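Chain residues, written in single-letter form:
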Amino acid sequence: MGCRLDVTLEGDKVVSVEGQACKRGLAYAQDEITDPRRVVTTTVRVVNGRHPLLPVYTERSFPKHQIFPLLQELRRVTVMAPVRAGQVILANALGTGINVLASRDMPLREEPCVS
Amino acid sequence: MDDPYDVIIIGGGVVGCFIARALSRYKGRVLLLEREADVCSGTSKANTAIVHAGYDAKPGTLKASLNVAGNRMYDQVCAELDVPFQRCGTYVVALTEEDLHTLDDLYHRGIQNGVSGMRIISGEEMRRVEPLVNPDVRGALYAATGGIVDPFLLTIAAAENAVLNGVHLRLETEVTDLIRQNGRIVGVSTNRGQFLGRFVINAAGLYADQLMAQAGLHGFTITPRKGEYYVFDREKSRVRTVLFPCPTAISKGILVTPTTHGNTLIGPNAVDIRDKEDVTVTPEGLEEVFAGAQRLVPTLERRDVIAVFAGLRASGSTGDFLIEAPAQAPGLINVAGIESPGLTAAPAIAEFVLDLLRECGLELLEKADYNPIRRSPPRFSELSPREKAALIAKDARYGRIVCRCETVTEGEIVAAIHAPVPARTYDALKRRTRLGAGRCQGGFDTPRVIHILARELGLPPTAITKKGPGSEFVVRETKEWNDSGKV
Amino acid sequence: MLKTLSYDVVVIGGGPGGLAAAIAARERGAERVCIIERAEELGGILQQCIHNGFGLEVLGTDLPGPAYAQHFINQVYQAGVQALLDTMVLEVTPQRVLYATNARDGILEIKAGAVVFSMGCRERTRGALAIPGTRPAGVYTAGTAQRLVNIEGYMPGRRFVILGSGDIGMIMARRLTLEGAQVERVLEIMPYLSGLKRNYVQCLQDFGIPLQLSHTVREIKGNKRVEAVVAVAVDERWQPIPGSEEVIPCDTLLLSVGLIPENELSRRLGIAMDPVTGGPIVDEGMGTSLPGFFAAGNVVHVYDLVDWVTMAGEVAGRSAAAYALGMAPASVYRLRVVAGDNVRYVVPHLFHPESLAQGPQQLQLRVREPIEEKVQVILEADGVEIWRKTERYVRPGEMVTVKLMPDLYDRLQPASTLTVSVRKPR
Chain A
1 MGCRLDVTLE GDKVVSVEGQ ACKRGLAYAQ DEITDPRRVV TTTVRVVNGR
51 HPLLPVYTER SFPKHQIFPL LQELRRVTVM APVRAGQVIL ANALGTGINV
101 LASRDMPLRE EPCVS
Chain B
1 MDDPYDVIII GGGVVGCFIA RALSRYKGRV LLLEREADVC SGTSKANTAI
51 VHAGYDAKPG TLKASLNVAG NRMYDQVCAE LDVPFQRCGT YVVALTEEDL
101 HTLDDLYHRG IQNGVSGMRI ISGEEMRRVE PLVNPDVRGA LYAATGGIVD
151 PFLLTIAAAE NAVLNGVHLR LETEVTDLIR QNGRIVGVST NRGQFLGRFV
201 INAAGLYADQ LMAQAGLHGF TITPRKGEYY VFDREKSRVR TVLFPCPTAI
251 SKGILVTPTT HGNTLIGPNA VDIRDKEDVT VTPEGLEEVF AGAQRLVPTL
301 ERRDVIAVFA GLRASGSTGD FLIEAPAQAP GLINVAGIES PGLTAAPAIA
351 EFVLDLLREC GLELLEKADY NPIRRSPPRF SELSPREKAA LIAKDARYGR
401 IVCRCETVTE GEIVAAIHAP VPARTYDALK RRTRLGAGRC QGGFDTPRVI
451 HILARELGLP PTAITKKGPG SEFVVRETKE WNDSGKV
Chain C
1 MLKTLSYDVV VIGGGPGGLA AAIAARERGA ERVCIIERAE ELGGILQQCI
51 HNGFGLEVLG TDLPGPAYAQ HFINQVYQAG VQALLDTMVL EVTPQRVLYA
101 TNARDGILEI KAGAVVFSMG CRERTRGALA IPGTRPAGVY TAGTAQRLVN
151 IEGYMPGRRF VILGSGDIGM IMARRLTLEG AQVERVLEIM PYLSGLKRNY
201 VQCLQDFGIP LQLSHTVREI KGNKRVEAVV AVAVDERWQP IPGSEEVIPC
251 DTLLLSVGLI PENELSRRLG IAMDPVTGGP IVDEGMGTSL PGFFAAGNVV
301 HVYDLVDWVT MAGEVAGRSA AAYALGMAPA SVYRLRVVAG DNVRYVVPHL
351 FHPESLAQGP QQLQLRVREP IEEKVQVILE ADGVEIWRKT ERYVRPGEMV
401 TVKLMPDLYD RLQPASTLTV SVRKPR
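Chains as they are written, first to last, in this note's numbering: chain A, 1 to 115; chain B, 1 to 487; chain C, 1 to 426.
Everything labelled a hint here was simulated from the structure, so no lab data went into it.
None of these values were measured; they are calculated from a predicted model.
The beta carbon of each residue, even a glycine, is placed where N, CA and C say it ideally should be.
One or more of the hints may lead you astray.
Unchecked claim - Just a sample of chain A residues kept apart from chain C, beta carbon distances all over 10 Å, derived:
id : residue
1  : L9
2  : V15
3  : L26
4  : T34
5  : P69
6  : V77
7  : A81
8  : L90
As the list claims (entries may be wrong) - If you only want the chain A side, here are some residues facing chain C, beta carbon under 8 Å, derived:
id : residue
9  : R38
10 : T41
11 : P52
12 : R104
Claimed, not checked - Calculated cross-link-like contacts (lysine-lysine; reagent style DSS-like; alpha-carbon spacing at most 25 Å):
id : chain 1 : residue 1 : chain 2 : residue 2
13 : C       : K3        : C       : K111
14 : C       : K3        : B       : K394
15 : B       : K276      : C       : K221
16 : C       : K374      : C       : K197
17 : C       : K224      : B       : K276
Build out the structure end to end from the sequences listed, making use of the hints.
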């Protein structure tokens with residue numbers, strides 16, 4: 001995993017890509033130039049949970065230039081336990097159509113550990 | 001302000017704590033002041049932990065007489081205080097012809113100092129006793145009365161025993177000045193107010209000379225002498241015996257020794273410095289210590305090292321302990337320049353100081369209810385399975401292991417936080433429980449310990465420190481920063 | 001006074017290796033399977049690895065660590081595996097009796113038909129590096145900082161220097177930046193990156209965090225709390241180059257300088273260990289030198305992808321169940337797997353050619369030196385080449401997998417050593 005791509009550009013347009021091991025590499029190379037995206041993972045506050053923070057993630061990769069605004073938005077979020085893995089924590093984040101999901105179950109504090 | 005005391009002791013190192021304990025046997029109000037967040041925070045926490053036999057000190061000095069007297073007291077003191085002490089004997093190793101002559105000199109000096117149980121042994125016998133010793137060993141001076149002790153537990157236990165017998169202890173209380181009246185020292189000013197006392201004992205370690213200067217006593221200076229150390233993984237590089245090289249003019253040399261916890265400890269070098277707060281470990285010092293130790297035990301491996309540290313000895317300009325009631329400053333008793341063999345001498349120093357106090361007119365009347373016995377709190381890792389189970393049944397927190405490497409339980413940590421000399425910082429807990437002293441050096445336990453300390457002390461985690469104010473572990477909550485950007 | 005329990009398979013450690021082992025043991029037919037986990041929940045280190053990159057191989061998706069863990073935790077409970085949480089194993093005997101402790105039960109005596117070690121690893125510490133300077137608050141290993149930031153919810157500092165370009169250090173560089181901290185520098189003593197290139201791009205490059213190769217920390221400054229570190233360049237023998245010192249003001253030093261398999265229990269049992277990996281010597285079934293004892297995951301050697309850990313756990317769990325059920329293959333002839341040219345270590349260390357009857361088997365290796373061009377991975381049985389493949393590049397931070405196909409059986413069966421080498425094409 002992890003390929004080193006050699007990309008030839010004409011302005012903003014990708015003319016050729018070399019070094020990729022699969023087709024995903026081509027799309028990735030184009031995106032990295034014109035519309036770089038990253039999956040964003042972070043935590044949000046949770047009340048009455050086993051832990052004080054709930055790990056969350058964007059269900060798809062997110063526009064890079066909007067990452068810090070997204071984190072700012074998520075800092076305003078507090079969820080109530082219990083939470084199920086995959087639960088939508090923030091829908092349509094910043095109007096991108098991308099949801100932010102809970103990475104794991106977060107049971108109530110003191111709940112015995114059975115799912 | 002408190003009511004006046006009979007005796008105020010400045011300094012919660014091993015010497016100050018033993019003086020406090022010795023005084024606590026008698027009626028009278030005693031106050032022990034320590035500027036750091038815990039007792040045993042200065043030289044007492046960073047030394048080789050050796051109980052010396054006493055052949056090394058120059059005959060006729062206080063170092064010599066108090067070393068030998070203190071050494072004799074160790075079995076009883078450590079039994080009373082329930083502190084790990086092994087009178088395992090010590091060896092001075094001769095690697096050259098010249099060294100063999102030095103052994104003779106040390107032997108004779110020992111005889112002069114009243115040391116018993118010494119013997120010169122052959123290189124072959126040394127190799128048999130210690131298979132890891134340099135195979136070129138020519139001979140050794142064996143001193144049966146030498147041993148190793150846990151200097152942290154010794155100091156803490158002495159302080160606890162003193163407190164349980166009525167001594168007042170104030171931590172994070174730093175003496176800023178002496179109070180004089182009619183030419184007499186009548187008390188101290190501190191960052192937490194003034195305290196009056198008939199007698200003030202200056203056991204302030206590296207800063208004893210500064211206090212003396214404040215009393216108008218000049219001419220005695222303390223030079224900090226730095227010594228650096230390595231600690232090895234308990235499972236590796238295990239020597240069985242305490243090995244000294246032949247001594248130099250300023251130092252007993254770089255030792256290789258087991259500790260009462262089973263680790264091998266090497267060090268110290270001896271470098272005079274200026275800054276009394278400089279406990280940095282230096283690349284040159286570390287090189288010097290490792291090279292010196294390898295002369296005694298060539299098979300030591302750097303990859304088995306788990307920790308390095310440095311300590312400062314308070315080296316007095318007279319070359320000997322200075323324990324006196326100076327005529328120019330009545331009311332003050334100086335206990336200064338307590339470098340090696342200070343740890344060994346500590347119980348004897350305390351008795352010596354009591355004699356001085358008597359001479360100065362302090363009447364010491366025995367307390368009927370004085371109890372010299374202090375029981376150590378249970379150490380989970382040393383109990384049998386039945387004892388472990390019984391302990392957990394009494395307090396479930398003993399069933400939760402917080403430090404994996406040293407098998408330290410939450411129960412022990414909570415007990416230490418609420419002990420008579422309370423542990424309120426990570427390092428204070430480490431000295432009492434061995435927390436974080438093993439292979440992982442706190443990697444696993446630190447987040448849990450922060451949480452336990454916060455809970456037990458009723459403080460936010462951001463207030464929990466490694467070694468007192470200024471050494472907080474965490475600075476803010478992860479989510480606690482404002483929308484405009486960084487905090 | 002001691003509570004006694006009995007299981008067919010006991011798994012020590014409920015991280016990805018242990019979870020997979022427990023599930024596989026049940027699937028293989030072991031009735032009573034138990035995971036003993038020291039934390040209050042299963043998942044191990046994955047619970048604090050909130051970043052993504054997990055599951056690409058095994059689940060075909062890209063998940064954050066806790067989500068990957070959740071998938072297997074759910075399976076564990078569905079499979080009827082027991083879990084003893086908040087429980088620490090104190091001791092294991094060669095007869096497979098474990099002594100463990102927790103707050104609720106006190107001391108437990110647990111009899112096991114087979115034991116799987118999956119205790120993971122610990123981090124190399126400042127003390128072990130003997131970094132000169134002071135010993136203030138503010139020096140953390142990256143994993144401890146990760147736990148504080150992601151689980152406890154506290155920031156260890158405001159301005160960071162990170163020593164070591166291991167994956168955890170780079171991940172934390174990003175994490176800390178995303179939570180409002182300032183990461184000044186990442187220093188790496190080797191002349192090449194220690195972790196995955198992908199992390200360099202997404203954790204350092206993305207945030208403009210400078211990486212200095214062939215650099216290290218010469219000294220830590222600060223009495224009570226870190227105030228600065230002194231960075232220094234090093235030569236090819238990792239010796240500091242005088243005059244290259246730079247004081248970097250900061251309040252926290254993070255160490256990402258290596259993981260060490262946590263084998264205290266294995267060592268105390270006298271299990272044969274590999275000094276290069278720091279873990280037990282294992283065969284293709286993840287069996288150790290002590291019958292009935294198996295090992296999976298980072299406790300064997302430090303993996304780069306959790307997916308491989310899951311696969312290793314499955315193998316160990318199956319083997320453990322077979323042993324407990326009395327159905328382990330009789331110990332027949334096996335050959336030694338040897339690390340050849342440019343290979344630092346290969347796992348497993350021992351190989352039974354008969355295992356190929358069950359299907360392809362896997363070897364995994366790490367190279368000594370990086371080679372950023374096409375190389376050949378070559379297998380030799382008793383010095384005679386039997387197979388080779390091409391890799392586009394090799395790096396110490398990225399494991400290389402070799403798939404042994406069943407058709408190699410005839411070449412392997414008569415051999416006593418199998419050497420794996422990585423060479424540039426002639």
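Outcome of the hint check:
1. L9: holds (18 Å)
2. V15: Since the minimum Cβ distance to chain C is about 22 Å, V15 (chain A) lies beyond 10 Å and the statement holds.
3. L26: About 17 Å separates L26 (chain A) from the closest Cβ of chain C, which puts it past 10 Å; holds.
4. T34: The claim holds: T34 (chain A) sits with its nearest Cβ about 16 Å from chain C, beyond 10 Å.
5. P69: The claim stands: P69 (chain A) keeps its Cβ more than 10 Å from every Cβ of chain C (closest is about 12 Å).
6. V77: It holds; V77 (chain A) is separated from chain C by about 14 Å at its closest Cβ, greater than 10 Å.
7. A81: For A81 (chain A), whose nearest Cβ neighbour in chain C is about 13 Å away, the distance exceeds 10 Å, so it holds.
8. L90: holds (15 Å)
9. R38: holds (6 Å)
10. T41: Hint on T41 (chain A): holds, closest Cβ of chain C at ~5 Å, below 8 Å.
11. P52: Since chain C brings a Cβ to about 4 Å from P52 (chain A), closer than 8 Å, the hint holds.
12. R104: Since the shortest Cβ distance to chain C is 4 Å, the answer is holds.
13. C:K3 <-> C:K111: Distance of about 11 Å is within 25 Å: holds.
14. C:K3 <-> B:K394: The hint holds at about 16 Å.
15. B:K276 <-> C:K221: holds (16 Å)
16. C:K374 <-> C:K197: holds (17 Å)
17. C:K224 <-> B:K276: Holds, at about 15 Å.
Figure legend: structure checked against the earlier numbered hints; every hint is met.
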